[in-house]
Amino acid sequence: MFDDLRDLYQEVILDHGRRPRNFRRLEDADRTARGDNPMCGDRLELFLKLAPDGSIAEAAFQGRGCAISTASASLMTETVTGKSAAQAHALSDQFRALAMTGSCPDCGEALSEEMERLQPLSGVHEFPSRVKCATLAWHTLNAALDGAKEASSE
Amino acid sequence: MFDDLRDLYQEVILDHGRRPRNFRRLEDADRTARGDNPMCGDRLELFLKLAPDGSIAEAAFQGRGCAISTASASLMTETVTGKSAAQAHALSDQFRALAMTGSCPDCGEALSEEMERLQPLSGVHEFPSRVKCATLAWHTLNAALDGAKEASSE
Amino acid sequence: MSFDVARIRADFPILQRKIRGKPLVFLDSGASAQKPRQVIEAMVRCMEARYANVHRGAYFLSEAATEAYEAARAAVARFIHAGDPREVIFTGNSTAAINLVAHSWGRGVLQPGQAVLVSEMEHHANLVPWQMLRDEGRGIELRVARVTDAGELDLEDVAAKLTDGKVGLVAITHMSNVLGTVTPAERLVRMAHAAGAKILFDGSQAAVHRPIDMQALGADFYAFTGHKLYGPTGIGVLWARLEHQERMPPFMGGGDMISLVTLDRVEWAPPPAKFEAGTPPIVEAVGLHAAIDYVSAIGMPAIEAHERRLVDHAMRRLSDIEGLALLGHAQDRGGVFAFSLDKAHAHDLATLLDRAGIAVRAGRHCAEPLHARFGVEAGTVRASFGLYTTEGEVDYLAEALTKARAFFA
Amino acid sequence: MSFDVARIRADFPILQRKIRGKPLVFLDSGASAQKPRQVIEAMVRCMEARYANVHRGAYFLSEAATEAYEAARAAVARFIHAGDPREVIFTGNSTAAINLVAHSWGRGVLQPGQAVLVSEMEHHANLVPWQMLRDEGRGIELRVARVTDAGELDLEDVAAKLTDGKVGLVAITHMSNVLGTVTPAERLVRMAHAAGAKILFDGSQAAVHRPIDMQALGADFYAFTGHKLYGPTGIGVLWARLEHQERMPPFMGGGDMISLVTLDRVEWAPPPAKFEAGTPPIVEAVGLHAAIDYVSAIGMPAIEAHERRLVDHAMRRLSDIEGLALLGHAQDRGGVFAFSLDKAHAHDLATLLDRAGIAVRAGRHCAEPLHARFGVEAGTVRASFGLYTTEGEVDYLAEALTKARAFFA
Ligand SMILES: Cc1ncc(COP(=O)(O)O)c(C=O)c1O
Ligand SMILES: Cc1ncc(COP(=O)(O)O)c(C=O)c1O
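Chains as they are written, first to last, in UniProt numbering: chain X, 1 to 154; chain C, 1 to 154; chain L, 1 to 409; chain Y, 1 to 409.
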């Protein structure tokens with residue numbers, strides 16, 4: 001019945017969906033932002049601690065969401081740790097292209113190691129109504145980096 | 001091109017349309033009423049003088065309208081002169097049936113002399129949007145007899 | 001006429017489709033129903049042979065279109081047992097019908113200091129217009145009747161909120177689009193009228209599932225929508241008593257709703273034209289007429305009976321599923337089921353079901369306060385039935401839910 | 001692509017019809033246009049294979065319907081050269097589009113003491129909503145710019161009525177549905193903006209007859225209607241700059257126009273969803289998309305050129321007819337002709353023409369003040385062209401008018 005669903009719900013997504021990494025509040029965060037997807041009621045709060053050079057020292061999140069948005073947020077916090085703001089923004093652009101089209105034209109010949117890790121989420125592009133689940137965390141990341149308080153993926 | 005139009009625009013209608021009878025204001029009318037057909041802008045004013053027994057001694061009208069509404073008003077004023085209010089109401093009902101359906105089930109076997117005279121207007125029933133042109137004068141007659149000031153065939 | 005669901009299904013071209021290689025199991029009729037070929041063909045015939053703008057046209061096609069449009073009004077009137085076709089106002093959808101009442105009757109007749117009473121189970125269409133009226137600062141209060149844990153309207157709370165006589169309008173759903181609950185309409189009419197209030201029903205769901213009788217019901221306003229009744233989008237209905245229409249100022253201004261216009265002065269056309277500004281949904285009215293003919297030929301009582309069997313069957317099958325929590329279990333209910341499944345988020349579940357060819361809705365179904373009331377802010381999955389739904393489809397849904405739970409476990 | 005009117009006519013099933021035994025000569029496209037099979041088929045395909053309610057549906061058919069609905073929005077945006085598809089709001093018709101501006105922008109943004117400037121040649125759809133606003137007692141004034149004897153907008157009068165800076169909105173037709181006059185839109189935009197006013201165009205007629213470019217025009221609001229553009233009934237368009245949409249309170253409340261609802265509080269969805277409450281005209285949007293594709297494939301410039309030839313031809317033929325008085329003779333005009341004939345009342349004339357298979361309209365064409373302005377309260381006959389109109393049809397009309405005059409003489 002669901003044989004062909006493994007393209008969307010790959011094991012790594014189910015795993016991160018069930019047991020999200022960095023799922024906690026950072027009390028001493030330098031940046032926080034809230035993300036809302038009013039369509040499906042998903043919401044998350046993102047916390048960033050910045051290193052003296054402005055790069056992301058630590059990233060964590062809390063909230064409620066479907067497997068895809070939770071897994072995406074979980075994978076994101078892992079991926080952006082240690083990155084500069086510019087690098088994180090670039091990853092965000094690349095990831096959103098991947099989620100919307102299934103591929104990433106700006107990524108060059110080979111995917112970066114980071115994009116390889118996010119690759120399992122690319123199946124979402126076949127489900128237009130779910131793309132926003134996958135991108136919510138990244139919208140929120142942009143908002144946090146830009147100093148905004150809220151992001152919406154409506 | 002218009003050969004088959006003689007069913008609607010019979011000679012008597014064209015004639016009454018061009019040279020309406022009793023087309024004047026009765027300054028000493030006992031009853032007057034205005035009729036409006038907002039759809040096509042036709043309007044007429046009806047004047048009645050009543051005999052001591054309440055019957056219609058004289059009927060006249062003024063206003064603007066298409067050939068059908070003018071002819072209908074003209075023929076009506078001729079037909080109702082000398083009639084009691086009850087007779088005029090009955091004629092009004094019969095005429096409206098004639099205009100809407102092309103026949104008059106309540107008229108009995110033979111048409112009354114009055115209905116014979118109105119018969120040329122029966123062709124209007126094939127033109128739903130024109131029925132109101134033919135009935136405007138009769139609506140206004142009912143209003144005048146009932147002591148109302150305005151009638152509308154919207 | 002006996003209810004032959006296979007023959008009915010053959011009337012719906014879309015039900016012959018495969019979705020991702022699987023037969024379509026369409027369980028989202030509560031959001032919008034599919035259209036039988038009779039409706040599609042009526043619209044095509046109108047556009048191919050009998051189309052022109054209605055009213056004011058003194059030529060054959062315009063007369064034919066006007067006749068068809070007014071025949072649709074008469075068909076709606078017969079369908080809901082209205083006393084007079086003029087009680088039927090065509091709008092764009094239910095939402096527009098309710099907004100018409102809120103704008104026109106709400107601003108023109110309801111007085112400052114009066115209140116509107118809605119319930120916790122309203123669709124946003126019957127909540128937001130009244131919130132907007134409240135928030136305009138004209139002194140209109142909004143009261144909200146509670147829903148019980150069983151998902152029924154709390155009639156004691158309704159009574160309590162009516163006692164001070166300040167409620168000018170009760171605006172309440174006739175059937176919840178989430179809980180499936182059918183509200184006790186006759187009783188609500190008596191309660192409202194006894195308290196001096198008028199009453200409006202949001203019949204968007206109810207009108208589709210059972211016979212509706214305006215003369216027996218005795219309400220003041222009743223709204224429903226064409227696209228849920230197997231008819232086209234772009235058309236809705238407000239039934240409103242003539243005495244109310246007379247007192248209501250118009251909502252939108254334009255052509256066909258006036259009887260006289262000068263630069264200084266306007267006179268409104270008589271009801272219902274007063275509320276139908278501009279070119280109406282002509283082709284859609286013809287489509288709705290065909291839809292009404294279609295369901296009437298089958299018979300609303302037969303449709304209701306079919307649905308009762310389906311509801312009973314679904315109750316049994318769904319309650320067998322481990323971890324499934326149904327929202328509401330009212331005594332009197334129609335074929336709409338909202339639920340959550342432990343282990344699986346509503347949206348993941350809907351996507352999984354979609355892969356199996358099953359169309360269900362996930363989210364809060366335009367009833368956020370109700371989801372808050374039941375503590376399911378994250379949303380539910382909703383399966384809703386139409387006259388073409390079969391027991392086999394319900395079984396297939398149950399099987400898929402069981403497998404989905406295992407998938408996410 | 002060259003303009004092949006015979007091939008175009010073959011696309012319109014209704015044009016193959018006979019009326020009372022005579023070929024249909026449809027000269028009422030200004031009231032509503034006929035539909036090509038491409039539009040009819042697109043609607044059928046939508047209902048047979050790609051239908052479900054849009055938005056919020058996480059399953060295949062709903063995604064497909066949502067995609068089709070939003071693709072229609074994008075197509076409209078391209079058609080009128082909007083800067084952003086979000087500037088396109090779907091409504092039920094032009095009338096609803098203009099009422100949306102009057103209700104929301106007129107009540108929410110326009111200030112007491114400000115004025116709205118319309119003209120004597122407005123269709124009731126762009127007059128009555130502003131009269132209703134004036135008559136609400138909120139201190140909004142209504143000014144009416146004069147029309148010259150030639151049937152053109154009196155620009156000096158417009159300038160005079162703008163000088164005191166009190167006008168907040170100029171609401172004016174882009175093409176008169178009676179006189180055929182095309183107003184100098186770019187110039188009006190400059191005049192309005194220089195006087196500190198916003199400007200709305202009623203483009204119901206203009207958008208059908210020539211290319212429309214929102215970016216070049218620089219207006220604030222632009223309204224038009226699907227059924228005159230060879231598309232379905234039940235759908236209209238309001239183009240509105242995003243900055244205006246942001247400041248406008250919503251018009252109707254309901255589903256899909258909110259981003260958050262609690263019992264106490266509502267947050268509106270971003271534009272344009274904020275103005276599209278409830279289930280939108282989904283099938284109609286698909287039909288409108290097909291209509292836009294249809295006229296775009298022919299090319300609006302080609303359609304305009306065809307119509308210019310027809311207009312020139314009609315001017316020659318009609319001015320040859322004894323006793324015929326044309327209403328207006330503007331320099332810049334489209335294919336709409338209103339006239340009276342001595343000896344014959346407009347309604348009698350229309351009935352006569354109908355007998356010859358010719359569909360024309362008689363009356364005041366929802367423009368009573370304009371008919372009063374020209375002293376023709378009893379109404380006129382109006383012939384209006386579409387892209388399928390031929391010179392032969394114009395000749396046939398002229399011949400019929402000559403014979404009709406003799407008939408009534
Ligand atoms: C100039 C003009 N404005 C507005 C309208 C109203 O359009 P609709 O009836 O589609 O709302 C029309 C058509 O009747 C028109 O010609
Ligand atoms: C109970 C209820 N009310 C109102 C509506 C709104 O109907 P529409 O979207 O056609 O205006 C719906 C459907 O979505 C509904 O289920």
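It should be emphasised that the hints constitute simulated quantities derived from the structure, not laboratory data. Hints may contain errors.
Stated by the list, open to error - Restricting the straight-line Cα-Cα distance to at most 20 Å, the calculated cross-link-like pairs of lysine to any residue (SDA-like) are: (1) L/18 x Y/50; (2) C/49 x C/18; (3) L/22 x X/2.
Claimed, not checked - Distance windows between CB atoms, simulated: (4) C/90 x L/9: 55 to 63 Å; (5) Y/139 x C/150: 51 to 59 Å; (6) C/150 x L/165: 51 to 59 Å; (7) C/2 x L/109: 33 to 41 Å.
Unchecked claim - Some but not every residue of chain Y turned toward chain L, in silico, with C-beta under 7 Å: (8) 3; (9) 48; (10) 57; (11) 92; (12) 110; (13) 111; (14) 114; (15) 141; (16) 144; (17) 148; (18) 253; (19) 283; (20) 350.
Idealized CB from N, CA, C, for every residue including glycine.
Tested hints:
1. L/18 x Y/50: 11 Å, holds
2. C/49 x C/18: Roughly 25 Å separates the two Cα atoms, so the pair is violated.
3. L/22 x X/2: 11 Å, holds
4. C/90 x L/9: 55 to 63 Å: 57 Å, holds
5. Y/139 x C/150: 51 to 59 Å: Given a distance of about 33 Å, which is not inside 51 to 59 Å, the answer is violated.
6. C/150 x L/165: 51 to 59 Å: 39 Å, violated
7. C/2 x L/109: 33 to 41 Å: 52 Å, violated
8. 3: It is violated, given that the least Cβ distance between residue 3 of chain Y and chain L is near 24 Å, above 7 Å.
9. 48: At about 4 Å, which falls below the 7 Å cut-off, the nearest Cβ of chain L leaves the hint on residue 48 of chain Y intact, so it holds.
10. 57: OK, holds: residue 57 of chain Y within 7 Å of chain L, min 6 Å.
11. 92: Interface hint status for residue 92 of chain Y: holds (4 Å vs cutoff 7 Å).
12. 110: Check failed: Cβ of residue 110 of chain Y comes no nearer than 16 Å to chain L, outside 7 Å.
13. 111: 17 Å, violated
14. 114: Because about 19 Å separates residue 114 of chain Y from the closest Cβ in chain L, which is outside the 7 Å limit, the hint is violated.
15. 141: 13 Å, violated
16. 144: The hint holds - residue 144 of chain Y has a Cβ within 7 Å of chain L, the shortest such distance being about 5 Å.
17. 148: Check failed: Cβ of residue 148 of chain Y comes no nearer than 17 Å to chain L, outside 7 Å.
18. 253: 3 Å, holds
19. 283: 5 Å, holds
20. 350: Since chain L brings a Cβ to about 4 Å from residue 350 of chain Y, closer than 7 Å, the hint holds.
Comparing the model with each earlier hint shows violations of hints 2, 5, 6, 7, 8, 12, 13, 14, 15 and 17; every other hint is respected.
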